[in-house]
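**Student:** Based on the provided sequences and hints, a complete structural model is requested.
Residue-level listing of the chains:
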Amino acid sequence: MIKTALTTEIPIRPDRRPATLLDQARWLVETHPDATTIVFVSREGERLITYRAFFHEAARYAYALESAGVRPGDLVVLVLQHSEELLYGFWGAMLLGAVPSIFPFLSDKLDPERYFESVRSLIALSEVKAVITYPDLEPTLRPHLENIPTLGAILNVEHLAPGGDVAAYLARNPAQADDTAFLQHSSGSTGLQKGVMLSHRAVINQVASYSAAIRLSPDDVIASWLPLYHDMGLIAGFMMPVLQKIPLVLMSPFHWVRDPKILLHAITRHRATLCWLPNFAYNFLATRIRDDALQGVDLRSWRAAINCSEPVYAESHRTFAERFVAYGFRPEALTTCYAMAENTFAVTQGGIDAPLTLDVVDRRILMEERRAVPATGDAPAVTMVSCGRPILNCEVRVVDDQRRDLPERHVGEIALRSDSMLTGYYHRPDATAEVMADGWYFTGDMGYLAGGELYITGRKKDLIIVGGKNIYPQDIENLLNDIPGVHPGRTTAFGVPNPQLGTEDIAIIAEVDTEDPEQRAAINREIRARVAQSTEATARYVHLVGPRWLIKTSSGKVARRANREKFLKEVLGQNGGD
Amino acid sequence: MKDKLRTYITTELIKDPTYPLTDDEVIMGTLIDSFSLVQVAMFIEDTFGAHFDDSELTVENMGTLNKMVANIQAKLQS
Chain D
1 MIKTALTTEI PIRPDRRPAT LLDQARWLVE THPDATTIVF VSREGERLIT YRAFFHEAAR
61 YAYALESAGV RPGDLVVLVL QHSEELLYGF WGAMLLGAVP SIFPFLSDKL DPERYFESVR
121 SLIALSEVKA VITYPDLEPT LRPHLENIPT LGAILNVEHL APGGDVAAYL ARNPAQADDT
181 AFLQHSSGST GLQKGVMLSH RAVINQVASY SAAIRLSPDD VIASWLPLYH DMGLIAGFMM
241 PVLQKIPLVL MSPFHWVRDP KILLHAITRH RATLCWLPNF AYNFLATRIR DDALQGVDLR
301 SWRAAINCSE PVYAESHRTF AERFVAYGFR PEALTTCYAM AENTFAVTQG GIDAPLTLDV
361 VDRRILMEER RAVPATGDAP AVTMVSCGRP ILNCEVRVVD DQRRDLPERH VGEIALRSDS
421 MLTGYYHRPD ATAEVMADGW YFTGDMGYLA GGELYITGRK KDLIIVGGKN IYPQDIENLL
481 NDIPGVHPGR TTAFGVPNPQ LGTEDIAIIA EVDTEDPEQR AAINREIRAR VAQSTEATAR
541 YVHLVGPRWL IKTSSGKVAR RANREKFLKE VLGQNGGD
Chain E
1 MKDKLRTYIT TELIKDPTYP LTDDEVIMGT LIDSFSLVQV AMFIEDTFGA HFDDSELTVE
61 NMGTLNKMVA NIQAKLQS
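Just so you know, the sequences run in chain order D and E.
Going by our numbering, the residue at position 208 of the first sequence is 208; the numbering climbs one at a time, nothing skipped.
Going by our numbering, the residue at position 18 of the second sequence is 18; the numbering climbs one at a time, nothing skipped.
It should be emphasised that the hints constitute simulated quantities derived from the structure, not laboratory data.
Predicted model, so just to flag it, every value in this text is computed and none were measured.
The C-beta atom is built at its ideal place from N, Cα and C for all residues, glycine as well.
Any given hint might turn out to be false.
What the hints assert, rightly or not - Partial selection, computed: residues in chain E whose CB lies under 8 Å from chain D:
{"hint": "1", "residue": "Tyr19"}
{"hint": "2", "residue": "Asp23"}
{"hint": "3", "residue": "Gly29"}
{"hint": "4", "residue": "Thr30"}
{"hint": "5", "residue": "Asp33"}
{"hint": "6", "residue": "Ser34"}
{"hint": "7", "residue": "Met42"}
{"hint": "8", "residue": "Phe43"}
{"hint": "9", "residue": "Ser55"}
Said to hold, decoys possible - Keeping only pairs whose Cα atoms sit at most 16 Å apart, straight-line, the calculated EDC-like set for lysine to aspartate or glutamate is:
{"hint": "10", "chain 1": "E", "residue 1": "Lys2", "chain 2": "E", "residue 2": "Asp24"}
{"hint": "11", "chain 1": "D", "residue 1": "Lys261", "chain 2": "E", "residue 2": "Asp53"}
{"hint": "12", "chain 1": "D", "residue 1": "Lys460", "chain 2": "D", "residue 2": "Asp475"}
{"hint": "13", "chain 1": "D", "residue 1": "Lys245", "chain 2": "D", "residue 2": "Asp34"}
{"hint": "14", "chain 1": "E", "residue 1": "Lys4", "chain 2": "E", "residue 2": "Asp46"}
{"hint": "15", "chain 1": "D", "residue 1": "Lys261", "chain 2": "E", "residue 2": "Asp54"}
{"hint": "16", "chain 1": "E", "residue 1": "Lys15", "chain 2": "D", "residue 2": "Asp505"}
{"hint": "17", "chain 1": "D", "residue 1": "Lys552", "chain 2": "D", "residue 2": "Glu477"}
{"hint": "18", "chain 1": "E", "residue 1": "Lys75", "chain 2": "E", "residue 2": "Glu45"}
**Tutor:** Structure follows, in structure tokens:
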């Protein structure tokens, strides 16, 4: 192991890749035990965690899991809030060579019965060996998990068996480079519906290539409030900084969403240089903090604000820069990234070495001919923000629906091939075969290439992205069919851009017979309640219409896109389009 | 106070001024999402002069119109 010249370079680089995440953990504990890996920010203040303390705690989880019968390769599910326990449990499983996966935590919005049932079915189907949760959730969770023969143990973070020697675990080396390190969730799916299997090799390769793309250096400090069940939070906001010995200032998403200023104060205090944000967060930060709460904020250290995981709006960048230039924010720090769990994280990155490229294209040609032609004269135009170039060892193609290459500036499906791709979807060879062929992963996202840079025009099959959260319209529509008064199969859901918030709103149209205002109000309420309880997102527009309002296809299905156009035009008075 | 809040929530957040929002209806979660909490708190502060800390923005405190009004009044009296 190389131990010299590391003061000026980050440890994982294209020319220096440890074989596994555990090799890197051992190096960190042996050579930098007293370095701070994480500063955990909560309402009570800040807690500094050194590498020694971090892996010592992780070893307690490893020991508890091992005592409960968990072996290398077993699947471990974490049903924990954004907390230190979640971080330790995740690494504790990996120390054993087991495979951790983070399950979204029960929030007060979700319907508990539905939530526990989904936990049960996923745990049974995926042959999960152990579940780690909190004392207050355990009594409720336990009865739902009875009679699952494959489930060995439900561990409670407050009653872990004492023991666990970190050095002994790190000396064991239970994993090989091609073993699965952990599972991430594919967009729009929760839990293990589509668990993305990532090998140690893939994760290390991603960290090496992406660190190079963002010019990561030992002087960097990363600040993050992102949830860890999402690739942006798990990789950029946890794994990469821990592995690269970059201090991570970590906040909880539940805390941040109620008090957004904490991010900017944390960046100020710790001179943070990097922060990843979904697009809506730019609008949220710019409009939901009062001037008096920004006293003392100094953003001069922030070298890259990386917009990722939602469609990027040029307007959101403008709004953000206008508000925060007075606090030292540099507009050239606005950068973009296109990423997905299936590539571990990043596919492209823009705006690091040169300002972001904006492509002003003719709106009509883009919509109707699916070509991105630079706008001329007075023709209505749309400003596309580049997502940059592919990172090292990652190739990007744009293909038609026969998977044939398209020329530059033609909109098609984005396909990629890299050394940080998924091994497959866990227990889902069918789903894997659908999206992978000849070493290429077909993303389902739409976009075009111009001058070597990638522009995203649309996400996977009508996917709605609300505040960074991915929701499939089919999942919403399926919830509504048995609501009394709603015509089964006569509903549709889609996303409507909300430029003010920098994200999409969920809109739902349902055909109903009744004209009675009270009955309609009851249906309206029921639709909203079901959407919130199962997706944790809010339906902004619930539009009840009479029979035969919805446009159908020749085969009798509700035509989602056509109805979206109709809604935008007739109800919101817009001209349609994206 | 209650009607001002009702109008704000139905027009600005639910985007449906005709929505028959009742006094005891659970607003948080079903009608508005967590991203809107700060917005509601800012509206309350601007309109009624009552300040809520982030830790007070909970379903127990702000879940329904009745709860919001009771908590705003308690703030203003203290």
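**Student:** Against each hint, give a clear statement of whether it holds in the structure.
**Tutor:** Tested hints:
1. The interface hint given for E:Tyr19 is met, as the beta carbon of that residue sits about 7 Å from the closest beta carbon of chain D, less than 8 Å.
2. Nearest Cβ of chain D to the Cβ of E:Asp23: about 14 Å, over the 8 Å cut. The hint is violated.
3. Interface hint status for E:Gly29: upheld, as the beta-carbon distance to the closest one in chain D is roughly 4 Å, under 8 Å.
4. For E:Thr30, the interface hint holds, the least distance from its beta-carbon to any beta-carbon of chain D being 4 Å, beneath 8 Å.
5. Proximity of E:Asp33 to chain D holds as hinted, the smallest CB-CB distance being about 4 Å (cut-off 8 Å).
6. This hint holds: E:Ser34 has a C-beta 5 Å from the nearest C-beta of chain D, less than the 8 Å allowed.
7. A least Cβ separation of about 7 Å between E:Met42 and chain D falls short of the 8 Å threshold, and the interface hint therefore holds.
8. At a threshold of 8 Å, the smallest CB-CB gap from E:Phe43 to chain D is about 11 Å, leaving the interface hint violated.
9. The beta carbon of E:Ser55 comes within 6 Å of a beta carbon in chain D, closer than 8 Å, and the hint placing it at the interface holds.
10. The suggested pairing of E:Lys2 with E:Asp24 holds, with an alpha-carbon distance near 11 Å, which does not exceed 16 Å.
11. With a CA separation close to 12 Å, the supplied pair D:Lys261 and E:Asp53 stays within the 16 Å bound.
12. With a C-alpha separation of about 14 Å, the suggested pairing of D:Lys460 with D:Asp475 holds against the 16 Å cut-off.
13. For the given pair, D:Lys245 sits about 11 Å from D:Asp34 by alpha-carbon distance, which is consistent with the 16 Å threshold.
14. Pair hint E:Lys4 plus E:Asp46 holds up; C-alpha atoms about 12 Å apart against a cutoff of 16 Å.
15. Of the supplied pair hints, the one linking D:Lys261 and E:Asp54 holds, its CA atoms being roughly 11 Å apart against a limit of 16 Å.
16. At roughly 11 Å between alpha-carbon atoms, E:Lys15 and D:Asp505 fall within 16 Å of each other, so this suggested pair holds.
17. Of the pairs offered as hints, the one joining D:Lys552 and D:Glu477 holds, with about 15 Å between alpha carbons and a cut-off of 16 Å not exceeded.
18. With a CA separation close to 11 Å, the supplied pair E:Lys75 and E:Glu45 stays within the 16 Å bound.
Going through the hint list in order, the structure does not satisfy hints 2 and 8.
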